[in-house]
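Following the hints, put chains H and L in place on chain D, whose structure we already have.
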Amino acid sequence: MRRLACALIGATALLAVQQAAAATKLTIATVNNGDMIRMQKLTDDFTARNPGIELDWVTMEENVLRQKVTTDIATKGGQYDIMTIGTYEVPIWAKQGWLVPLDNLGPSYDVDDLLPSIRNGLSLGGKLYAAPFYGESSMTMYREDLFEKAGLTMPEAPSWDFIAEAARKITDKAHEVYGICLRGKAGWGENMAFLTAMSNSFGARWFDMKWQPQFDGKAWKDTLKFYVDLMHDAGPPGASSNGFNENLALFQSGKCGMWIDATVAASFVSDPKESKVADKVGFALAPDRGLGKRANWLWAWSLAIPSGSNKKAAAEKFIAWATSKDYLKLVASKDGWANVPPGTRKSLYDNPAYRKAAAFADMTLKSIQAADPTHPTVDPVPYVGVQFVAIPQFQGIGTAVGQQFSAALAGTTSVDQALKNAQALTEREMKRGGYIK
Amino acid sequence: MATLHTRTTARFMLSPAVLLLLVWMIVPLGMTLYFSFLRYNLLMPGMEAFAGIENYQFFLTDPAFMDALVNTLLLVGGVLLITVVGGVFLALLIDQPFWGQGIVRLLVISPFFVMPTVSALVWKNMFMHPVNGLFAWVARGFGLAPIDWLASVPLLSIVIIVAWGWLPFATLIILTALQSLDQEQKEAAEMDGAGALSIFAYITLPHLARALTVVVLIETIFLLSVFAEILVTTNGGPGTASTNIPYLIYAQALLQYDIGGASAGGVVAIVLANIVAVFLIRMIGKNLEA
Amino acid sequence: MARAVTRRRKLAFTLVGWTIGLTLFFPILWAILTSFKSEGEAIASPPSFLFFHWTLENYAEVQARSDYLLYALNSVVISLGSTGLGLLVAIPAAWSMAFAPSKRTKDILMWMLSTKMLPPVGVLVPIYLLFRDFGLLDTRGGLVAVLMLMNLPIIVWMLYTYFKEIPGEILEAARMDGATLAKEIVHVLAPMAVPGIASTVLLNIILAWNEAFWTLNLTASDAAPLSAFIASYSSPEGLFWAKLSAASTLAIAPILVMGWFSQKQLVRGLTFGAVK
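So the protein sequences, as listed, match chains D, H and L. Numbering of the first sequence is given in the UniProt record's numbering, commencing with residue 1 and proceeding in unit increments. Numbering of the second sequence is given in the UniProt record's numbering, commencing with residue 1 and proceeding in unit increments. Numbering of the third sequence is given in the UniProt record's numbering, commencing with residue 1 and proceeding in unit increments.
Next up, chain D with everything else stripped away, as it sits in the complex (with noise of 0.2 Å):
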């Protein structure tokens, strides 16, 4: 028995010892998000200028990415040398001293050139803990064969009321047109973001000053009823379990007359080989209601080094390499301008072959430039983040709260259970968090 426990000790440390004697192998995990999966076939590139490293990719669906390099991060695993992080977790990890500062990525990186709004998600106290790889706000797709057809124009700045009065205008149920889709599948990264940016353009707000959530006050209410009214007069069967492909797929097949979603949908929805209706998408800003607020988030996929990682200088080689001015001109000589991964610098927008490629880009800039993470609403807040609140605790209770406003949608409770039962269980997350007494 003790040979066998010996044999079995044995044979692991010698796979174990295998694996550290490798040469400088950068792991990377990244999100199989298009943009990503387009790096991944471009880094021929990046290992031909640099011959030493090698790259060895973890590819992985957001939610279970997200688990991996959060428990790897947290336990001090070690196991990546670069992790695909969103502007969510950076604030929170870069203050627990878990990121490396990125303030070597060389002399023509040109910090300057990113973003503001998109640089300043990223920060902690002016320093740059993520590079920016593609950034994104939400903005209205809209059909423009439909709405003509309606006898409708869509203004570059809608209100709700408008939107509300178009989707049900456009809805032709016998022939599977469906005239608005949103996102309603449970998560606090589907139809949490949209419905939080959403609430902050009807005045509404997570929690005031005083950490106190505020789901039982008037303007979360106007919100949630108004978005699961207008599903249920405009929008497809089987809201509650669509998230961003679902919708993105809806859209692409012609189902959808409207989509207010994440601005990189635009190159999707008009690209001729996935989409049916590439020829007939126009774009406009995220809905208002008059308050000062719109409804478009701010989000930015970026790429970030553990501070446990022992490869530091080959992964900045590589963060430098893959969010360069550079790299997107060679995305643009490989697969054409609409591709480059948008929305994190303003010299891509200066770019006229840019702009006439893209359609799309005017409305991404101005969407991005519109949101503000450090003031997302109408009323103070003590948090940051618009489409999120940048603590520790939000993942689980914007998941729980968002599983309530499925529910709501599918209708299998009301809009006033589940704003009843959403302010229960985040008061209640709240305290144990140590936030309120």
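Simulated from the structure, these hints should not be mistaken for laboratory data. Quick caveat: nothing in here was measured; it's all calculated off a predicted structure. All C-beta atoms in this analysis are idealised placements derived from N, C-alpha and C, irrespective of residue type, glycine included. There could be a bad hint or two in this list.
Said to hold, decoys possible - Cβ-to-Cβ under 8 Å is the rule here; a few derived chain H residues that face chain D:
no. : residue
1   : ALA49
2   : PRO63
3   : GLY236
4   : PRO238
As the list claims (entries may be wrong) - Covered stretches of chain L, going by a simulated chain H footprint (3 or more residues, C-beta under 8 Å):
no. : region
5   : 28-42
6   : 83-95
7   : 118-130
8   : 202-212
Same frame as chain D, now just chains H and L:
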């Protein structure tokens, strides 16, 4: 002398398995127990402190807890019902001679080889999706409004997905038992003029008792911890309509990173699982006696 | 007359049997068919069953993005490794429980099964910390050990019930003839136990192959098996049904084929003592 020798050897041979499992059980369980009395959030290091029974209180007073408990039992019960009844039926069918029996048997057992995540993804996107799914297409073909499976009947949908994967397992075990049934006994009963139903009720079913016990026991062990299918399809929703105990623990552990709370949940789950196990063994354990 | 009845009966059973068989198999078949469609056709309504433009582009795309063979190799190593190691531990244990039972044998067996009730999510962090400290994160060795322990109770139980059916008198007789324990196991026990062991091995390989919690959460790249391969296709941006189907087909194909070819062996031993 020989027996004493054998006894000692036997103990010696049993010990690796017992010791390994003991370590496998005690080390994580010990750590889990320890963490469950700690205020410990992975995202807030340096705040660990002894918390007493606070974590247990927090987990047990979760408004979703009772729902999760009921859902767990419904899920286990529902899948067991489908697989046992369906398994007996399928086994009886496959036991009959017909053309292409071998191929049909292969088709029937295939779902058992499919990873839970894959089957959940396939069912969700290609069958139950209310717009692009095949069920929706069929419903529209009959002029009906498509059912939004995962939103209107989430738990039933998950039961169907899980049961699809376990049906072959039940069928195989029951089939093996069925084939060991004494044909002469059956024929004798037939001669006496017994109908097919009474042969089934008085001869076949009692013969299958042990096989069914085994199916119930093994499936229960696996079904109590069903999790991947829920994560992929409904995320426990809408509301808490498809949240079970493992999913609730997942939310504590990998969304909140509240290790204290998740550990308390883990301990609660083990206690509950053992209660179920005791009941099961009481109820059907006598069938297992040789 | 009687012949006609049996024939008609057989025809009826054929019809029912094939209908049910095809229905149960349909989700797999549909995934396989979809994997040969273009993304547009994959979500087309009405769906096309056979008369679509067959293409291999999804497979090419999947292979270009992630090296399938590497993941498949890890899956093979991990499932075979954990099964082999499990057998090494389980055979002696099951042997001793079957041939030298004590009062506590049944309790030990039940206790072993109860270790399977530990919900994995609840103990992820403790295990992750242990793996980190022993340098086992993202190693095949670590996964082999975990999966072996996960499935050990089932293996022991299966072997135990199988061994128990071997009449003890044969062993007694061999012992009378002066056979040593080793000889007893090799010459007498092994030949009789082979079908049971074969079926145990198969079941365990299937369970290990399809395990998707530990394999996903304890690996990054070097040891990542097919469960991780799938995780990178589950919901990327854009249309993904066809690519997901191709990845799914690739992930289940080896185990499905193995299962089909060995189903006789699998079935023969899959009794858990349910047959006397």
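Results of checking the hints against the structure:
{"no.": "1", "hint": "ALA49", "verdict": "violated (11 Å)"}
{"no.": "2", "hint": "PRO63", "verdict": "holds (7 Å)"}
{"no.": "3", "hint": "GLY236", "verdict": "holds (6 Å)"}
{"no.": "4", "hint": "PRO238", "verdict": "holds (4 Å)"}
{"no.": "5", "hint": "28-42", "verdict": "holds (count 4)"}
{"no.": "6", "hint": "83-95", "verdict": "holds (count 5)"}
{"no.": "7", "hint": "118-130", "verdict": "holds (count 12)"}
{"no.": "8", "hint": "202-212", "verdict": "holds (count 4)"}
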